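Trainee: Read off the chains here:
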Amino acid sequence: MTARALMKRPAVPFVFGVACLLALIALIEVLIRAGLINPFIVPKPTEILWSFERIILEEHVLPRFLLTCGEALMATLMLSMTGISLGVLLHRSRIVRLATETWVAALASAPLVLMYPLFLVIFGRSAWTIIMIAFVAALPPVILKTLEGLSGTRAVLINVGRSFKLTPSQLYWKILFPSALPTIFVGVRLGMIFALINIVGVEFLINFGGLGQLVNELAERYDLPGTYAAICFVILVSVMFFMGTERIERWLRPGT
Amino acid sequence: MPAAEPILVVENIVKRFETQDGVLLAVDDVSFNVMPGEFVSVIGPSGCGKSTLFNVMGGLLDGYDGRVTVGGDTVRGPHASVGMIFQEESTFPWRTVVDNVAFPLEIAGMPKAERIERARHFVDLVGLDGFERRYPAELSGGMRQRVSMARTLASEPKILLMDEPFAALDEQTRLLLGDKVLQIQQDLKQTTLLITHNLTEAVQLSDRILVMTYRPGKIKRIVEIKLPRPRTSEIVSSDDFGRYVAQIWADLREEASKGLKDDESRVARDGGRRA
Amino acid sequence: MAAEPWLNPVTRLRVIILVTILVIWEAVAASGILLREVVPSIVVIGRSLAELLFHPDLKWPVDIGIGGLRFAQQLWVPAFYWHLYVTVMEVATALVIGGSAGLAVGLALGANPFLSKAFERYLYYLGPTPKIVFFPVMIMWFGVGPESKIAMGTLSCFFPIVLSVAAGMRQIEGVLIRVGRSFRLNTWQMVTKIYLPAMREPIVNGVRLGMGVAMIGTLLAETKLSNKGVGFMIIDAYNTFDMPRMYAVLLTLFVVAIGANALVGRASRG
Chain A
1 MTARALMKRP AVPFVFGVAC LLALIALIEV LIRAGLINPF IVPKPTEILW SFERIILEEH
61 VLPRFLLTCG EALMATLMLS MTGISLGVLL HRSRIVRLAT ETWVAALASA PLVLMYPLFL
121 VIFGRSAWTI IMIAFVAALP PVILKTLEGL SGTRAVLINV GRSFKLTPSQ LYWKILFPSA
181 LPTIFVGVRL GMIFALINIV GVEFLINFGG LGQLVNELAE RYDLPGTYAA ICFVILVSVM
241 FFMGTERIER WLRPGT
Chain B
1 MPAAEPILVV ENIVKRFETQ DGVLLAVDDV SFNVMPGEFV SVIGPSGCGK STLFNVMGGL
61 LDGYDGRVTV GGDTVRGPHA SVGMIFQEES TFPWRTVVDN VAFPLEIAGM PKAERIERAR
121 HFVDLVGLDG FERRYPAELS GGMRQRVSMA RTLASEPKIL LMDEPFAALD EQTRLLLGDK
181 VLQIQQDLKQ TTLLITHNLT EAVQLSDRIL VMTYRPGKIK RIVEIKLPRP RTSEIVSSDD
241 FGRYVAQIWA DLREEASKGL KDDESRVARD GGRRA
Chain C
1 MAAEPWLNPV TRLRVIILVT ILVIWEAVAA SGILLREVVP SIVVIGRSLA ELLFHPDLKW
61 PVDIGIGGLR FAQQLWVPAF YWHLYVTVME VATALVIGGS AGLAVGLALG ANPFLSKAFE
121 RYLYYLGPTP KIVFFPVMIM WFGVGPESKI AMGTLSCFFP IVLSVAAGMR QIEGVLIRVG
181 RSFRLNTWQM VTKIYLPAMR EPIVNGVRLG MGVAMIGTLL AETKLSNKGV GFMIIDAYNT
241 FDMPRMYAVL LTLFVVAIGA NALVGRASRG
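Residue numbers (my numbering), protein chains in the order written: chain A, 1 to 256; chain B, 1 to 275; chain C, 1 to 270.
No lab work stands behind these hints, which were simulated from the structure alone. In this text the structure is predicted, and so the values were computed from the model without any measurement. For every residue, glycine included, the Cβ atom is placed at its ideal position computed from N, Cα and C. Certain hints may be false.
[Stated by the list, open to error] Ranges between beta-carbon positions, derived for each pair:
1) LEU89(A) x THR232(B): 53 to 61 Å
2) GLU249(A) x PRO111(B): 31 to 39 Å
3) ALA137(B) x PRO197(C): 47 to 55 Å
4) SER238(B) x LEU196(C): 37 to 45 Å
5) ILE248(A) x ASP170(B): 33 to 41 Å
6) LEU196(C) x ASP170(B): 32 to 40 Å
7) LEU34(C) x LEU89(A): 20 to 28 Å
8) TYR81(C) x PHE16(A): 46 to 54 Å
9) ARG36(C) x ARG54(A): 43 to 51 Å
10) SER93(A) x ARG266(C): 38 to 46 Å
11) THR19(B) x VAL121(A): 37 to 45 Å
12) VAL30(A) x ARG184(C): 40 to 48 Å
13) LEU196(C) x THR232(B): 40 to 48 Å
14) TRP50(A) x TYR81(C): 48 to 56 Å
[As the list claims (entries may be wrong)] Output of the computed footprint for chain A on chain C, the stretches with three or more beta carbons under 8 Å from beta carbons of chain A:
15) 162 to 168
16) 255 to 267
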């Protein structure tokens, strides 16, 4: 087989990517052992690997993981209900849309999560602070995506509905909503990912709750390998979230 | 053909649009009838108001002068006896082929098992058996347009309106789908009104062709197509077919070139910034 | 023709909504249902805002002069502007570093399917992870000063920019590339004359997203550990329990962020 033909095989780039990643990790290990990287700044990758077991067993990773997931699900539930309803409201009432769509878009570009100290005053150091800040910060994109999906329904599909003499509510439930659903889910997914990011972030910042707090605690204890391992764990969780929701999204666009 | 009451009557339709350059007269005093079982085409260059006429007859547009009646009822909004097939891709991407076709039956409140059964019949009719469980995104453009056709036929309209249903397809597919339409027409005795800008398609399918003028759209001539039925796409190679095409092109040519000139002067005037 | 209404209906609705919100706020503030500190009167917030923006309480050592002429060595300014300056510089530096890295890597990934298949999935997965958890590491690498905040901003904005550049490059219509090749353009000309102009929109979009997350990354890091910047002001107001001041800082911050976003957005329309 020629080199060119080999490059074309689909598994090759994947293997190459993994190999590069492993090589990089090995290189870091070697550099630390050779004393070229300060081990008090970057711990040895093998050390991080060993500390996985420790943080899973001693730092209650599973309950923390469940707590973070629970907060994220609660926030997502609130986001979907409120965001989709507000999106529908804006779509149904032209004047409300004209008056407020730019406001919502503006809020979507404001760093709303910076309000967390305010929520801390209102709700105290509790899970509600975390859930509410995630909810507020991720709400604008859900509203905007719902609105985009509903108003993106192609005119000809609405005409098909009218040609079959659909009632306005049938038109909404049989045509507008299903046509908008993939885009609405993009919004919900965006909101969910936003919520997870903000939840872990605020857990870290206020040192309360799930996985975010774990990173903070280990860092404050100067447990270097533990901190790195906890960060890896956070990455793992968000990748899982991301892939899971991506699968649902694909399922909502059948046949493509 | 026995003398019967016309099923579709179009009387003195005039439609104007407000545009930024003033009032545009799109359709000017158009009248014609369609008899039961008849296949009539309306042909004209782009911008002759054919699609406006389609929307008026389908009840999707109001604010016009004149009257459209279907089986004696004046059209106000979409009429139950009229089925429409649109130019654009109009299948529902979230439904399978059979669920797309079952849509009008579902709206009519038919129980699930029964409507799936009925829908399968119409899926077979357009030659898509075996694709019932596929989604539109898995089908070709020609297949999707057949799904739309089956969906509209499933509502068993007394009269079928088609707005350039094959415009987005290539010529070969168009001819073959034309065969399908001819066969369905034969089987169902379906009264059909086709809007098109395609000469061969119009002659291949029609009993009568209404040639329209370019802006404002009026009926310039009515041509009876006395080609034998049943027909297939092979008819396109006959001498009579050629004569009809030539005759209609002679009429159409003048209108189409008016349209072309109009486009050029508009672009020149707007400095080519707007289409 | 009907008489022109005093306000058009949309503006009227906006005014109604705003007035309603303010009235409810003021009513809640007056009634004391919620803590007075959480919902202070609008007047109090307004006073705080005015103080924040107009009360000079910091000597800013700036050297203003043209040639040999010195106008001032120091300026009395409200401290807010100095903190804002710190944050803006951090975000801007982060955006320059993260943006150029994102553009370079994005172009490489967009141009080379092999690299894209080998590495893009990792970027795609790392994109939506909470970057703030890297902050302890960044402190260890870059210290507690502005450098670690810049690092947070850079880390945050790299991902959206690289991903939208790579995706944008693949979306360029093939015919444009064939046109460029037919004119025998070299690689540099292909990049500057075909690829970049054709990708204007995804690039601007990426920068816009990147700026948003860079701001969040930098500001959150400032609230965690710093002694300057807008993030520090917010957490300082929290620590001194000066809620009106926190509202004032947040409002101003949001206005600045929304304005900056709109400015970048305008660039895509040219």
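Trainee: Could you tell me which of the hints above the structure violates, numbers in ascending order?
Mentor: 3, 4, 10, 11, 13, 15
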